[in-house]
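Visitor: Given next are the chains, with one letter for each unit.
Number of protein chains: 2
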Amino acid sequence: MSLRFGFELLVRHPTGARLGRMTTAHGAVETPAFMPVGTHGAVKGMTPRELGELGATIVLANAYHLAQRPGVETVSALGGLHTLMGWDGPILTDSGGFQAMSLGTLVRVEDEGVHYRSHVDGRAGLLTPEAAIGIQETLGVDVAMALDECVPAAVPRSRVAQAVARTTAWAARGLAARSRSGTALFGIVQGGFDEALRTESASAITALGFDGYGVGGVSVGEPAAETARVAAATVRALPADRPRYLMGVGTPGDLIRFVAMGYDLFDCVLPTRNGRNGTLFTRQGKVMIRNAAHARDARPVEDGCPCYTCRRFSRGALRHLVLSGEMLGARLATLHNLHFYLHLMREIRAALAERTFPQRAAAAAGAWV
Amino acid sequence: MSLRFGFELLVRHPTGARLGRMTTAHGAVETPAFMPVGTHGAVKGMTPRELGELGATIVLANAYHLAQRPGVETVSALGGLHTLMGWDGPILTDSGGFQAMSLGTLVRVEDEGVHYRSHVDGRAGLLTPEAAIGIQETLGVDVAMALDECVPAAVPRSRVAQAVARTTAWAARGLAARSRSGTALFGIVQGGFDEALRTESASAITALGFDGYGVGGVSVGEPAAETARVAAATVRALPADRPRYLMGVGTPGDLIRFVAMGYDLFDCVLPTRNGRNGTLFTRQGKVMIRNAAHARDARPVEDGCPCYTCRRFSRGALRHLVLSGEMLGARLATLHNLHFYLHLMREIRAALAERTFPQRAAAAAGAWV
Numbered sequence: 003m004s005l006r007f008g009f010e011l012l013v014r015h016p017t018g019a020r021l022g023r024m025t026t027a028h029g030a031v032e033t034p035a036f037m038p039v040g041t042h043g044a045v046k047g048m049t050p051r052e053l054g055e056l057g058a059t060i061v062l063a064n065a066y067h068l069a070q071r072p073g074v075e076t077v078s079a080l081g082g083l084h085t086l087m088g089w090d091g092p093i094l095t096d097s098g099g100f101q102a103m104s105l106g107t108l109v110r111v112e113d114e115g116v117h118y119r120s121h122v123d124g125r126a127g128l129l130t131p132e133a134a135i136g137i138q139e140t141l142g143v144d145v146a147m148a149l150d151e152c153v154p155a156a157v158p159r160s161r162v163a164q165a166v167a168r169t170t171a172w173a174a175r176g177l178a179a180r181s182r183s184g185t186a187l188f189g190i191v192q193g194g195f196d197e198a199l200r201t202e203s204a205s206a207i208t209a210l211g212f213d214g215y216g217v218g219g220v221s222v223g224e225p226a227a228e229t230a231r232v233a234a235a236t237v238r239a240l241p242a243d244r245p246r247y248l249m250g251v252g253t254p255g256d257l258i259r260f261v262a263m264g265y266d267l268f269d270c271v272l273p274t275r276n277g278r279n280g281t282l283f284t285r286q287g288k289v290m291i292r293n294a295a296h297a298r299d300a301r302p303v304e305d306g307c308p309c310y311t312c313r314r315f316s317r318g319a320l321r322h323l324v325l326s327g328e329m330l331g332a333r334l335a336t337l338h339n340l341h342f343y344l345h346l347m348r349e350i351r352a353a354l355a356e357r358t359f360p361q362r363a364a365a366a367a368g369a370w371v
Numbered sequence: 003m004s005l006r007f008g009f010e011l012l013v014r015h016p017t018g019a020r021l022g023r024m025t026t027a028h029g030a031v032e033t034p035a036f037m038p039v040g041t042h043g044a045v046k047g048m049t050p051r052e053l054g055e056l057g058a059t060i061v062l063a064n065a066y067h068l069a070q071r072p073g074v075e076t077v078s079a080l081g082g083l084h085t086l087m088g089w090d091g092p093i094l095t096d097s098g099g100f101q102a103m104s105l106g107t108l109v110r111v112e113d114e115g116v117h118y119r120s121h122v123d124g125r126a127g128l129l130t131p132e133a134a135i136g137i138q139e140t141l142g143v144d145v146a147m148a149l150d151e152c153v154p155a156a157v158p159r160s161r162v163a164q165a166v167a168r169t170t171a172w173a174a175r176g177l178a179a180r181s182r183s184g185t186a187l188f189g190i191v192q193g194g195f196d197e198a199l200r201t202e203s204a205s206a207i208t209a210l211g212f213d214g215y216g217v218g219g220v221s222v223g224e225p226a227a228e229t230a231r232v233a234a235a236t237v238r239a240l241p242a243d244r245p246r247y248l249m250g251v252g253t254p255g256d257l258i259r260f261v262a263m264g265y266d267l268f269d270c271v272l273p274t275r276n277g278r279n280g281t282l283f284t285r286q287g288k289v290m291i292r293n294a295a296h297a298r299d300a301r302p303v304e305d306g307c308p309c310y311t312c313r314r315f316s317r318g319a320l321r322h323l324v325l326s327g328e329m330l331g332a333r334l335a336t337l338h339n340l341h342f343y344l345h346l347m348r349e350i351r352a353a354l355a356e357r358t359f360p361q362r363a364a365a366a367a368g369a370w371v
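Quick mapping for you: the protein sequence lines, in order, are chains A and B.
In terms of the numbering used here, the first sequence is residues 3 to 371.
In terms of the numbering used here, the second sequence is residues 3 to 371.
Quick caveat, the hints were computed from the structure, so don't treat them as lab data.
Watch out, some of these pointers could steer you wrong.
[As the list claims (entries may be wrong)] With beta-carbon atoms standing in for the labels, derived distance ranges:
1) Ala156(B) / Gly73(A): 46 to 52 angstroms
2) Ala198(A) / Arg313(B): 49 to 55 angstroms
3) Pro158(A) / Arg301(B): 53 to 59 angstroms
4) Thr17(B) / Val122(A): 23 to 29 angstroms
5) Leu11(A) / Ala300(B): 56 to 62 angstroms
6) Gly73(A) / Pro308(B): 45 to 51 angstroms
7) Arg301(B) / Arg23(A): 32 to 38 angstroms
[Stated by the list, open to error] If we take Cβ atoms under 8 angstroms as the criterion, some of the chain B residues that face chain A in the derived model are:
8) Val74
9) Thr76
10) Leu80
11) Leu86
12) Gly318
13) Leu323
14) Ser326
15) Ala332
Cβ atoms here follow ideal geometry from the backbone N, Cα and C, with glycine treated the same way.
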């Protein structure tokens with residue numbers, strides 16, 4: 003628990019892609035890495051044992067949600083977030099900026115912080131940048147995110163500029179509020195889809211000096227080309243010696259594309275949410291397991307896939323479980339999808355290590371690139 | 003797959019309890035045994051790997067439900083029920099008699115069989131005693147149950163007598179319809195809560211000669227003392243050299259009580275359904291994990307329990323997962339409850355083997371006896 007946070011670059015690829023190692027209080031993370039999403043303290047349907055077997059090395063949770071339920075003091079009384087989740091490895095938490103946007107009318111953002119009405123019990127509260135740090139430190143996470151203001155894709159430039167200024171001010175207040183050396187702190191760059199605002203935000207946030215940098219305000223409903231454009235503009239303004247986290251991204255193709263730009267960390271609900279809905283990732287593209295075409299298909303979801311789902315269940319069996327509303331169907335689909343994502347990340351890292359990026363990675367992604 | 007069905011008695015205890023071994027086409031089952039319930043082809047939330055690790059040796063499914071969805075021909079096209087479920091061990095299916103009762107207005111029972119309207123797609127159908135055998139043979143199960151007529155606890159004696167007569171006639175028709183030697187067939191004794199009718203039913207069914215005998219029409223809403231009374235009256239009328247299956251029973255205390263009477267096989271939704279509802283079995287009794295008292299309780303559900311849930315998660319963590327509606331909460335609670343049941347059965351068998359029944363078994367059940 004006494005390890006200092008660190009980040010080491012092992013390979014720099016001509017594309018801009020990097021192979022690295024991020025060291026945290028709960029162990030090392032080889033990057034580029036994908037973080038399965040465990041918003042409420044659990045990656046939906048998965049045990050920590052399964053996550054480890056799948057090759058996850060770091061998981062994401064959400065400090066805002068956990069502060070609402072079960073509450074920070076409860077998590078603390080139970081031994082901290084690692085104990086609550088039964089996960090010994092690194093944990094990164096988002097602080098609540100994205101939730102402040104996505105919860106809509108339940109929140110009102112002002113300079114002092116985010117006024118919210120809890121979606122759990124209706125209580126009113128105020129999340130300040132200082133409180134966001136305090137909450138994450140008390141949860142005992144390895145990487146905390148500064149509180150940011152995230153705006154939807156289609157807002158006027160003046161509104162984006164206001165969010166950039168507020169995010170910078172909040173980042174400085176968050177930094178000043180730190181009290182625990184075991185919790186690394188990442189700043190978040192905002193700026194919507196305006197490259198000048200992105201550059202301005204990146205300059206201001208990096209000037210403050212964080213352990214790493216998140217790029218927020220993407221994956222908010224914009225076209226893929228827009229994401230790529232601002233991600234490219236932003237990454238140039240980030241220091242090379244710190245981990246770069248592209249928040250909420252993305253599809254398997256996105257992962258390769260943004261690794262190539264120089265991003266190191268990713269999170270996305272796609273593998274878990276799609277799994278629960280019966281949409282599976284394969285090298286041939288999406289498999290919608292509910293489709294009647296799979297009813298009597300005795301093949302696995304993906305031929306040759308070594309995941310438990312594919313070794314043990316046919317497409318027809320999985321379809322039956324999903325259509326019957328059996329919890330096992332959602333589990334098995336989630337397991338396969340996380341295997342697909344985490345295997346892809348292993349292939350990306352192997353490709354960088356052996357200098358065959360992006361070819362080897364593209365082979366693992368198949369139709370997704 | 004070529005093994006003949008068999009049943010061997012290893013120890014007969016003065017109470018009437020028996021230690022035995024049932025041999026099926028997919029392996030042996032040490033009895034007394036508890037069969038986790040996988041009505042639709044999955045024990046809710048559990049993988050076959052987990053069931054094996056928990057010590058399950060045989061699982062239950064429901065032929066009526068599977069015939070509705072995904073359909074017998076689909077199961078067959080996918081390689082049979084074992085392949086569909088991903089379970090290599092023995093499978094016993096109930097034929098649909100209990101469902102004909104519990105589905106209420108969707109069915110009309112006549113001498114020729116059960117006229118039903120499918121709860122899945124609304125189609126009308128007729129389940130005859132012959133079809134019930136054919137379905138189970140096509141599913142490829144190890145133990146099939148004859149179609150019976152099950153009546154609720156509070157019906158007039160004449161109605162129970164009619165169900166007994168029909169169940170006998172259907173049993174004979176089922177026997178005559180057998181075509182596959184790999185599928186054992188159990189007859190079912192009915193008779194409600196009238197000891198004379200129970201004895202009459204047992205005489206008639208055993209005279210037909212089955213591989214084993216189910217006692218149905220219990221666990222239909224009657225007081226526990228009534229279950230015990232008719233179970234005791236019925237078991238005396240069953241041959242000693244065949245397995246005896248008390249259908250739908252029961253609590254941990256019931257298991258010990260009915261093992262002591264000479265029953266060998268049990269199934270019950272309690273460990274799985276209660277798990278999903280947040281009610282956990284411990285030697286100290288029920289733990290209602292939703293209760294506020296557990297919010298900051300860092301102890302496991304049961305001290306010293308070696309199950310994954312108790313080794314990895316606190317009561318407070320499990321409460322949080324259950325209250326948050328996280329699938330993992332239902333999974334972990336189900337896992338613990340099945341561990342409790344299957345551990346209890348191991349202790350029952352060990353107690354019979356070392357002649358310390360019921361003491362050693364009672365210690366495992368704790369407050370439940």
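Visitor: Run the structure past the numbered hints and jot down the numbers of the failing ones, going up.
Guide: Those not satisfied are hints 4, 5, 6 and 8.
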